[in-house]
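A.B. asks: Chain order of the listed sequences is A and B.
Quick note: the first sequence uses my numbering, first residue 1, plus one each step.
Quick note: the second sequence uses my numbering, first residue 1001, plus one each step.
Heads up, a few of these hints could be off.
Not everything, but these chain B residues come out facing chain A in the computed CB check (under 8 Å) [said to hold, decoys possible]: (1) L1017; (2) V1018; (3) L1027.
The calculated label-pair distances, taken between Cβ atoms and stated as ranges, are [unchecked claim]: (4) R1044(B) x W69(A): 49 to 57 Å; (5) Q1024(B) x W52(A): 44 to 52 Å; (6) L33(A) x M1001(B): 29 to 37 Å; (7) A198(A) x P1114(B): 50 to 58 Å; (8) Q1024(B) x P89(A): 51 to 59 Å; (9) E1202(B) x P89(A): 19 to 27 Å; (10) Q1095(B) x V122(A): 56 to 64 Å.
Rather than coming from a laboratory, the hints here were simulated on the basis of the structure.
Predicted model only: the values in this text are computed from it and were never measured.
Cβ coordinates follow ideal geometry from the N, Cα and C atoms, glycine included.
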Amino acid sequence: MSEGQVFVSLLVKLGLLALLAGTLVRRRHRECLAFPAYLALVLLGDTMVSVWPERFYQAWFWYLQQSLWDAAKLGVGLEIAFRAFRAFPGARPAVQSLLGLVLALTTASVVSVPSGLSHDAVVFEWHPRVLAGTIWLMTALMMVIVYYRLPIRPFQLAILSGFVPYLLLFVTLLNVLRHRGWDVRPWVNLADACCYLAVVSFWTVAAWRKDAMPAAAPQVIRRLSLGPA
Amino acid sequence: MEALVLSVVGGGLFLALVGRYNTQLVLRGWEALLSPAAFKALQRLEEQVETDALLAERAHGRAQLARREERLADASRLVSLAAAVVSDAVPERLQRLRGMAVCCRMARALLPPPPLLPRAFRLREIASLAGLSSVIQQFLVATQERFRLRVWTLGVCYLVVRHVASHSASRIRPEAAAAPSPWDSFEAALHDFTALDREHVEAFKALLLALQDTSRP
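For reference, chain A alone in the conformation it holds in the complex (with noise of 0.2 Å):
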């Protein structure tokens, strides 16, 4: 790793541990509990390869954190659908058959890339697709939002708006490494930690905001169980 790297991923723990400690603080665990396991996992694995990098800054080691993060990804965006439509079951449908046709699909698509992959089909193929997948779960769970005009918790906004441009920037970095071969690869990992400080960093400030949910009546917030979680 070269000495850039090394510091932007320095700033991406501290960054991380900001968050999480916010995420603790103002009790935005209750509004997901998937996020800040998440950010364990990022935290944890980010660690473990810069303390030990000769171990762990290794193929096997990127493909078992890759696979726990998306795992991860895909929590948080199916908890915060439940949480966002446990209030409205007349919604519900729509979002479980919107979601259940993603998941479907983005198997399908996972399933499709032969077995037996060397690390660059892994890296070029598999990843992407699970990583659009995501992204298109993420965005179906808005769409049925923005359809019918639910209430969403600003930091759960504020979680979805920080992974898809995310993914999306990390898809396109992955195709740039993948046109641009693997001597770019320091500066494409650069480019990727400085993406991820920038979205922990608003993700960060979404988390310490104190005024989270914007002023109804108390009725009206018990109602759509958008009260203090």
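Given the coordinates of chain A, work out where chain B should sit on it, guided by the hints.
C.D. replies: Chain B alone, transformed into the frame defined by chain A:
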């Protein structure tokens, strides 16, 4: 490459949706619909509908009296007055129906609205529209779609009533005010206007009740 294209399309769509979404506005909309103020609005609407019907019927009754007493100039003036009540009321009704069409998305479980009955109306055009609407309703599964069809049908019926009322009133002139045909169609339009108002209040009430029921555990 396909994954990149899919990600760009999905991400772009997501950003467009987030750009349209405003938590404050959404919450304000729900607050307006779930608060007691919404039921006060229903009460005001019922009063307004009664007043409009009373004004139109009173003017029409006086016009009929004037007609019987052969004061044809008065009859024509009074019937124009009754037509003006209908014409003035329709834009406001249409505006509310448009709002209801949007709000019905927000309702969890609207009670399936009963079909509009053709026999409740006297104008042939409106009875036909009501009949057609009740046939189409049989093919719609979603309650929301049924509600929207009902709102749309009511809107079109209001336009027809306004047209017939204005047209009949303009045909009732002092020199021909004794001729029965425009009087009959005006009377039918007035009757249907009152019937439509009843349906429109019922639809508004159903929407409010459904919204009140929203999010109840």
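A.B. asks: With a cut-off of 8 Å on the beta carbons, see whether L1027(B) makes it to chain A.
C.D. replies: Since the shortest Cβ distance to chain A is 5 Å, the answer is holds.
A.B. asks: Is 44 to 52 Å right for how far apart the beta carbons of Q1024(B) and W52(A) are?
C.D. replies: Check passed, 48 Å falls within 44 to 52 Å.
A.B. asks: Against chain A, run the beta carbon of L1017(B) and see if the smallest gap drops under 8 Å.
C.D. replies: Holds, because the Cβ-Cβ distance from L1017(B) to chain A comes to roughly 5 Å (cut-off 8 Å).
A.B. asks: Given the range 51 to 59 Å, decide if the beta-carbon distance of Q1024(B) to P89(A) lies inside it.
C.D. replies: 25 Å, violated
A.B. asks: Is it true that L33(A) and M1001(B) lie within 29 to 37 Å of each other by Cβ?
C.D. replies: Distance hint for L33(A), M1001(B) holds at roughly 36 Å.
A.B. asks: Has the hinted range 19 to 27 Å been met by the Cβ atoms of E1202(B) and P89(A)?
C.D. replies: Since the Cβ atoms of E1202(B) and P89(A) sit about 24 Å apart, the hinted range of 19 to 27 Å holds.
A.B. asks: Starting from the range 56 to 64 Å, see whether the pair Q1095(B) and V122(A) falls in it by beta-carbon distance.
C.D. replies: 58 Å, holds
A.B. asks: Evaluate the given range 49 to 57 Å for the C-beta pair formed by R1044(B) and W69(A).
C.D. replies: Holds, since R1044(B) and W69(A) (Cβ atoms, about 55 Å apart) stay within the stated range.
A.B. asks: Verify the CB-CB distance for A198(A) and P1114(B) against the hinted window 50 to 58 Å.
C.D. replies: 56 Å, holds
A.B. asks: Per the CB criterion, is V1018(B) less than 8 Å away from chain A?
C.D. replies: Check passed: Cβ of V1018(B) comes within 6 Å of chain A, closer than 8 Å.
Comparing the model with each numbered hint stated earlier shows that hint 8 is the single one that does not hold.
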